[in-house]
Amino acid sequence: MSKLLLGLLWAFAAIVVIFVVSLPINLQTHLIAGAVILALMMAMKLFRPEGTWRLVALALGTAIVMRYVYWRTTSTLPPVGQLENFIPGLLLYLAEMYSVFMLALSLFIVAKPLPSRPPMPMAEEDLPHVDVFIPTYNEEAVLLADTIAAARAMDYPPERLTVWLLDDGGTVQKRNADNVVAAEQAEERHVELQKLCADLGARYLTRERNEHAKAGNLNNGLAHSSAALIAVFDADHAPARSFLRETVGYFSEDPRLFLVQTPHFFLNPDPLEKNLRTFEKMPSENEMFYGIIQRGLDKWNASFFCGSAAVLRREALEETNGFSGVSITEDCETAVELHSRGWNSVYVDKPLIAGLQPATFASFIGQRSRWAQGMMQILRFRFPPLKRGLSLPQRLCYMSSTLFWLFPFPRTVFLFAPLFYLFFDLEIFTASGGEFLAYTLSYMVVNLMMQNYLYGSFRWPWISELYEYIQSVHLLPAVVSVMLNPRKPTFKVTAKDESIASNRLSELSRPFFVIFAVLLIGVAVTAWRVYAEPWKADVTLVVGGWNLLNLIMAGCALGVVAERRERAATRRVKINRRCQFGEEGNWLPATIEDVSVNGCRVQVHGKGITGMIESGRASVRFAPLSGGDPAILPLDIMNSEKSGEAVAIGCRYVRSLPEHHRYVADLLFANADQWSQFQSSRRRNPGVLMGTLWFLRLALFQTSRGLVYLFRGMRSAREQKGRAVSGART
Amino acid sequence: MKRTLIALMLLGAPAAAQQQPFDMSPERPPAETLSPPAAEQEPVAEPAPETGETPTAVPPADVRRHLLPDGALTLSGENPSRSWAIHLTAAQAVSAARLHLAFRNSVVVAPESSRLRVFLNNTLVIDRPVQAADGFVPIEVDVPPALLRSGRNEFSVRVDHRHRTDCTVASTYELWTELDPAGAYLSFGDAAADTFVGLTDLRALAPGAQGKTRIEIVAPAMERENMTAEILQLVQALSLYVNQPNQEFSVSRSPQAEDANLALRVLLGTAEDLAPYAGDATDNAEQGPAVSFRAGAESVAPTLLVSGRRRDEWASAINQILAPVDRAAGSRRDALVTENWRAPNAPMIYDRRSLTFAELGIPSQQFSGRRYASSFTFAIPSDFYAASYGEARLMLDAAFSASVLPGSSINVYVNGNIAASTPLTEQGGAIVNQLPIKVTMRHFRPGLNEIMVEANLLTEQDETCLPGAPSDETPRFAIFDSSRFVVPDYGRVGQFPNLASTSGTGYPYGQADEPVAIILDGDGASLSAAANILARIAVGAGRSIPLSSTYSTDAARQQHAIFVGAVNSIPQGVLAQVGVAEEARTDWMPQDGNPGAQAPDQTNLDEWRQRMEGTGLSDVQDWFSETFGITLEMMRFAPSDDADFNPASDDALLVAQGLNPSGTGVWTVVAAPTSDGLKAGTEAVSNFRAWERLAGRVSVVQNDMETVTSEPVAAFSFVESQEPTIGNYRLVAANWLSANILSYSLLLVLACLLLGTATSGLLSRLGRRR
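One line per chain: the protein sequences are A and B, in this order.
For the first sequence, this note's numbering gives the first residue as 1, with consecutive numbering after it.
For the second sequence, this note's numbering gives the first residue as 731, with consecutive numbering after it.
Incorrect hints may appear among the rest.
[As the list claims (entries may be wrong)] Chain A stretches covered by chain B per the calculated footprint, using a threshold of three residues with CB under 8 Å from any CB of chain B:
| # | region |
| --- | --- |
| 1 | 36-50 |
| 2 | 255-262 |
[Stated by the list, open to error] Sample of chain A residues lacking proximity to chain B, with all beta carbon distances greater than 12 Å (derived):
| # | residue |
| --- | --- |
| 3 | I32 |
| 4 | P121 |
| 5 | R380 |
| 6 | S640 |
In short, the hints are calculated from the structure, not lab data.
Source: prediction; values computed, not measured.
The beta carbon of each residue, even a glycine, is placed where N, CA and C say it ideally should be.
Extracted from the complex, chain A is given alone in its bound form:
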């Protein structure tokens, strides 16, 4: 009853706002209202509003956005009579309306994200059996060893936990490939991984043919196993000890629960973070999704499966004959299907796995192309907005998740729209300079403020735009192609273990430089036109300003595609764990400061260390978090550095025995809290103003870095060519 009343009240309030917003007031009134609302939103920001006040601030922002939409719709479209203006004008309008629509969906989803869920402890004897699936295709054994070891080390009764390595790189089809070398490699892999599994206490499973890619592989696993729950980890996603304890409990609470999803936490930076050096200080790209959006989706029972780091119920999967494989994003597709059949999902907002993400720009784009194409396929084949069985909020949520990937279209339009005016003199936006300033500027600033209110500490200003821009350039053709041929794209495994040996430009960097050059010409044209055509300087300046904004973005992107050499193959994680350093019979007290997949850094106290350093070999002894006997992990000493009483020693693991993998996993993955700590250290909201200034500085620097890489690359290419020519002469 009170729900109905509140609903009516809400509808009334919404109608009042729409009425007030759609009054055809004059420019001055709008300008003042815009200024008042902006001032209010800024003032409220100081009090870090929560709950109702946050929603009031968002409502204020929404009002300005709606006023912009009203104005844009009623007064700015070019007359239909002028087709050369009307068509690009309409495109721009549609692009803007798409952005506003996506903002509206986001507002719905993250209006009130669920707070973090309390854990659901279960009695030991009630714990269900769990099958852990680790699908693999071409990953190296060492990487798999860590994951398997971490999975095996999870805090769970061992008799109810089965770890399956689902190998698609050693299928019968691969082993009998026509290419002898490939067949040989597959055979070797088949044998090697079987041994690894046997050593680490996991089960190895492969199949006849590589059908339906990852979904087919998982379904093969389903067919050969029997536990009530399935946990899925990507080959490079190693779970923490507490993973199952934190997730399994929810299944007993809700018998219709099909999914518990947890965030993906990455130990290495993505190419943007690496090349702009923001990994340590700025929240990662996916934190917006896992930190806010999934929690928002969870409120509407629409949190979806992200392919890894999740637990699923076999009973639910059997209803749909396993994982769906129509699209190349089987995870989301499976979730849509099960949600539409009345199954529920839950999201646990705590990083419980650590993994790797693509390190090069090319593989990053490859991964995003797959996501974009897969989501387009889901949109095409499942069309969530009209799918039977989904609740209205779920439809909206899936609509947002899939339509999001259309962003390359509006991005492209925004990029080129000012050039229509600057180069071809087309008036695709009929407004005076003053109107443009009053409406568009207030809209843009309010938009930034709203983003800040919604995602504040998870996403800094302009970073979304930067990510969208760098993806758009290559995603646009990918999305267009999937629209034309929805069944064509095939699943490609994203490479995540590449490293970059020297500073270089990404192989996909060329279009970014071309775009940058074109926009730069746009700036020159702006200056020339302001000088040569003073009678329309106001419009030229406004459009030129827009173009300049695009140029700043494009310049920053040059930095993203100028890939830095990376020294450490993987990132180090600070753990500060007590241990002993030395060798049998001679143990010195020490602290492991940080660890990576390959090695660690140990701070050793006491004398007698010098001899050990000279020998170049040592071990660390520590108590594993999983309990049991103290672990002894042999090390190669790579370097040392004296600091006061103590010596800091850099070491590399020597993994000679199977349990060494377990020890590394224990150091690196066992404790999930350290990841949470790392994340929260980056979650800082710089605010719109400081964030914008920071971004401007960043963009300026990155532009110059990108250009330096370009010229250096051109020079070395010339030198190589010169060498080749002189070589030919001799």
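Given chain A, put chain B in place with the hints provided.
Same frame as chain A, now just chain B:
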């Protein structure tokens, strides 16, 4: 004519290259430009009646029919033109006639390339160089036989001016030709042209040599009986027939001295009363109500007798006069009738409407000068309430040639105020098709409005401006009559007080069914003054307003009322009711001398102050208010209260309006310091030009009898004037909020507060909660 027009319309579509009369190629000789509408003679509709007279031989002009309705007519700019209607009696139409004009022009007009053309019923009757820089030059031509018609005739003057030496846009403002009202008339050979026969001939009443239509009403019994309401009823009826922009009534007990410029004398009263003045003409009044022109008048002006045996009979005679021209209250008008001084009539725009230039009287035209200007009129109802937010549009079909440089512009003026300026930014010529130009409604006012479209055309040729070079007649610009004026639905609600709507459409009196109380101070002068005011109100309203004469304020407490009198004779309490300080009774003394002698110094001081302070912050302020038009006084939540108005000593006449004490009607006070001042002041506002400047809650006419200033209304009372619809409420709200800017912000913030709170409440009950 028709063919050229069609060709022009085709030009709107870029396809018709072959038949373009508007040819931009330079090698062809100047195209035979659009000749003015009447180059080809139209057949005259009515055959000339057989009178046996030879129309060519026009005897010396005895009977004159003056032509200029509004005094001297100045035509300025490069292509000015003006049309209006002239009503003639049947006798005038058949008589042989000569057309007389007298004109002079600015010395800078180049006679060899400037022409004055006059058309009568679309027939060219005068076409001659503009060469009268030294003084008025009379022109005389015979009007071709059978050209004049009984009833409505159309008269138009068209001038093409070129400057002798200068080629700038600014120089075009120095170009003018003036027609002298005394020298502009038709002279008729037939003495019968002077006789008026029936009521319809009242329409043919002509202005005098000063361009003023004077009507004298003689009511011998006016002091004996209270004839006020009836006299004013008669005045209204006559004004609706005559409908001249500059008409002046006087009411007296006995005929005044003969005046050659008197247009009509009306004798009103019982046959007995009128006998001394009308002689045997009152004979038919012996049988009952009678309206007749007095035959064989010895007076110069025609004399109309309105008489009967008793009061009720002459009163019903008034109603006979009124009946053909009256209009029921509340019926809609299609147009405001202005054709007696400006044709075509101004169409009424009540709501969303789109009018082509053809309908508005702007023909397709090509233009080879520097500043094209053309204007049209339209009318807006009295409950117009969209000045703060409204926006109309001009959808322009035009073309400009390759010689037109960017930096040229199209400007739109509304009632003389700049409302839009659109730069032409394309180089190399262009044809624009329905180019939208937003025209703010800020300067719209109830009643008649004028929009002027002006194209300032810059060319390289003009920049060089070779002295003595023959003027180039290659068209640079063309405007097509398929262009449109588009008005959206706008807010409509009646506002009290609002002198602008009273002057524009006689609101609210024009809509009254119940008699409007008229309260005079009992002086003959105040009756003449009231006659002038009511004549204008009736013309604005397009109908006569029912009146009841009273001396008591109490009787008018619940009513609409009009008070006319010297300021100290206005009843107690009335001044306060219309927002005028009671001290005005004693303090407001007439003063001769220079009107507004103080003002220039004051503005100079302000200017100096601004100039001195014009740095730093105020620059930003200036930029801000220039770009966005925001000033500090606009920043308000609600209108402030009006302070009482105190007229200054150099004010000659005061017109003030306010609600009646019960809030159910509107009181208007017309007052002057003295009775003489009242007469002079109301005669001044009986000229349409002054009348239409009345606005706000108080307007004053200054001593020069020309300057009208007004006090804006801060707080209106609103009166529902429409069927209540959400659409109209929305527009009214939009206008109110656009005028009270901060209220909009407040409203928006409150609405958002409500929405945010409701959303929060709803979200805590929808979806998962933990």
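Results for each hint:
Counting residues of the region 36-50 of chain A whose C-beta lies closer than 8 Å to any C-beta of chain B gives 3; at least three are required, and the coverage claim holds. Requiring three or more residues with a Cβ within less than 8 Å of a Cβ of chain B, the coverage given for the region 255-262 of chain A is violated, as only 0 such residues are present. For I32 of chain A, the shortest C-beta to C-beta distance to chain B comes to about 5 Å, within the 12 Å cut-off, and the non-interface label is violated. Consistency note on P121 of chain A: stated as away from chain B, and its beta-carbon is indeed over 12 Å from all of that chain's, at 16 Å minimum.
Chain B leaves R380 of chain A outside its interface by the beta-carbon criterion, the shortest separation being 28 Å against a cut-off of 12 Å. The beta carbon of S640 of chain A sits about 51 Å from the closest Cβ of chain B, which is more than 12 Å, so the claim that it is off the interface holds.
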